[in-house]
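2 protein chains.
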Amino acid sequence: MSKVILAENAGFCFGVQRAVEEALKVKKQYNKKIYTLGPLIHNNDVVMYLEENDIYAIDYNDIDKLNEGDVIVIRSHGVSKEVTENLEARGLEVVNATCPYVTNIHKKVNKYSELGYNIVILGDDNHPEIIGINGWCNNSAIITKDGTFDQKLPKKICVVSQTTEKEETWKNTVSNLSSNTKELLAFNTICSATEVRQKSANELSKDVDTMIVIGGRNSSNTTKLYQISKANCPNTIHIENSKELTNEFIEENRGKKVGVTAGASTPDWIIKEVIDIMEGRN
Amino acid sequence: MSKVILAENAGFCFGVQRAVEEALKVKKQYNKKIYTLGPLIHNNDVVMYLEENDIYAIDYNDIDKLNEGDVIVIRSHGVSKEVTENLEARGLEVVNATCPYVTNIHKKVNKYSELGYNIVILGDDNHPEIIGINGWCNNSAIITKDGTFDQKLPKKICVVSQTTEKEETWKNTVSNLSSNTKELLAFNTICSATEVRQKSANELSKDVDTMIVIGGRNSSNTTKLYQISKANCPNTIHIENSKELTNEFIEENRGKKVGVTAGASTPDWIIKEVIDIMEGRN
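Residue numbers (the working numbering), protein chains in the order written: chain A, 185 to 466; chain B, 185 to 466.
If you're looking for bench data, these hints aren't it; they were derived computationally from the structure.
Treat the hints with caution; some may be incorrect.
Partial list, computed: chain A residues near chain B (C-beta under 8 Å) [claimed, not checked]:
(1) L190
(2) T353
(3) K355
(4) T365
For each residue, glycine too, the CB sits at the ideal point set by N, CA and C.
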C-alpha cells in the first residue's frame with residue numbers, strides 16, 4: 185500500500201454539482217425522460233449514473249428527434265443566445281443549468297461587444313464553453329489558445345478567459361495584449377474553484393513520489409491539472425476511474441507517497457475508490 | 185573624427201515642441217514677462233533660451249509673489265485640477281500647454297475613478313506628470329515604479345502609464361495586475377513618440393561602438409533611453425549638451441561608429457552641435 189494524500193481542493197466544482205442536481209431535480213419534477221444538450225459533464229461514470237436515472241445526453245444536431253414539450257437541460261458550460269432561442273422556438277421545455285460564473289461571462293461579452301469593444305477569449309475554440317461564449321458577441325471573438333496572436337489587434341479590446349484556464353496563460357495573454365492595444369478591459373474569469381484546485385495540485389505534486397490525476401479524457405481542467413502536476417512530479421498519471429489502476433502501478437508505488445487530485449467533473453465516489461485501492465483497502 | 189549615426193527618431197516630442205511654441209506665442213501676444221509653472225522642459229539650454237525671451241520658471245510655492253493678471257503657462261506635464269483652480273482663483277491668466285496626450289490621461293483617470301475604479305499609475309511618484317495625474321482622482325492612486333505591488337489590490341482597477349514608460353515595464357505591470365484583480369481596465373498611455381524613440385535607440389545601440397544619449401539629468405525619458413542603450417552598448421554616455429564631450433572621449437572614438445539619440449526635451453540645435461563635434465567639424 186501507498187501513503188495517499190488527497191489534494192486540499194479536488195473534484196466537483198460548484199457549477200457541475202449544481203447542474204447534476206438540477207437535472208436530477210427536473211427528472212423528479214417532470215417524472216419523464218430528461219435530455220441534456222451534450223453530456224452534462226465530462227465523466228463517463230457520472231453519465232452512466234444519469235442514464236440509470238433516465239437522463240440522456242442528446243447532440244444539438246439531433247434535436248429534431250425531440251417532441252414538443254420534451255425537457256432539455258443546458259449544461260454548466262452554457263450555450264449561445266441563438267441555441268437557447270432555437271430550442272425554445274421548437275417548443276421544448278428548456279432548463280438552464282449554465283454555471284452562474286459562465287453566465288456572468290456571457291453578460292460581459294454581450295455588453296462590451298455592444299459597447300464597441302472587440303472580444304478576445306482565451307481558451308480552446310473547440311470547447312463548448314468557448315463556443316457558447318462566442319455566441320454572445322455574434323461569433324466575432326478572437327480566440328487564442330495560448331495567449332499569442334498572429335493578427336494585428338484592434339485598438340479597443342475586452343478579454344475574458346475560459347473558466348478553467350491557467351493563471352500563467354492568462355497573465356501572458358493580458359501581457360501580450362497590453363502592448364498591442366490602446367484600451368484593454370480584462371475580466372479575469374478564471375473560476376476560483378479552478379484556481380484553488382490548480383494551486384493545491386501544484387503544491388501537492390512537489391511533495392510526492394507519484395501523482396494520480398482523475399478526470400475525463402476530454403476534460404480541459406483535468407488536462408491542466410495533469411500538466412501542472414507532471415511539471416513537478418514526472419511520475420504523474422491521468423486516469424478516468426479506479427479501473428485504470430494496473431496491478432503493476434499499484435505494486436510500483438508500494439510504500440511510496442502518492443498524491444491524488446481530480447477535475448471538476450469527478451464525483452467524490454470515484455476519488456474514494458482510487459484512494460481505497462492505493463491504500464490497499466480493495 | 186567618428187562616423188556618427190543619428191537615431192531615426194530622437195529629440196523634441198510633439199507635446200514639448202507645442203509647449204515651447206505656446207510660451208513664445210503668449211510672450212509675443214502679451215508682450216510682458218511670462219511665467220511657467222516649473223521649468224517648461226528638462227533642458228537647461230532651452231530654459232536659458234526662454235529666459236532670454238523673458239519667459240521665467242516659477243515654483244508653485246512662490247506663486248504668491250505674482251500679481252493679478254500675470255500670465256502663467258502650465259507646462260506639457262500637466263497639473264492637478266486643484267492647481268489650475270488655485271491659479272485661477274488668484275486672478276492669474278492661466279495658459280494651459282499641457283500635452284494633449286497627458287490631458288487624455290487626466291480625463292480617463294477622472295472618469296473611471298468616478299465610475300468606481302481604483303486608479304493605478306505606472307510611473308515615478310516624484311515626477312510632475314504623475315503628481316498631476318494623481319490629482320485627477322483625489323490623489324487616491326496606487327503608484328508603482330516597476331509594476332510590482334506590496335499591498336493587496338482592489339477588485340476593480342483602471343491602470344494608466346506615465347507617457348515616457350518602457351513597454352516592457354507596462355507589460356509587467358498589466359501582467360501582475362491581471363492575476364490579482366477581477367476587472368482590469370488598462371489604457372496603454374505610453375506616448376508613441378516615446379515608444380518610437382526607444383525602439384530607434386534600441387536598434388541603433390546594437391549596431392555601434394559608442395552611444396551618446398543627450399538630454400536633461402532630470403529627464404525621465406532620457407534616463408530610459410540611456411538604460412536601453414547601455415544594455416546593448418556598454419560604452420554609452422549621458423550628456424546634457426556638447427560641452428560635456430571631453431577631448432579624451434572624442435579621441436577615444438576616432439574612427440569608431442557612434443550612435444546619437446536624444447530625449448524629448450532636447451532641441452535640434454543641441455543634437456546638431458554634438459554631431460558636428462564628433463564628426464570633427466568643430
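**OP:** Could you tell me which of the numbered hints above are not met by this structure, giving the numbers in increasing order?
**Re:** Those not satisfied are hints 1 and 2.
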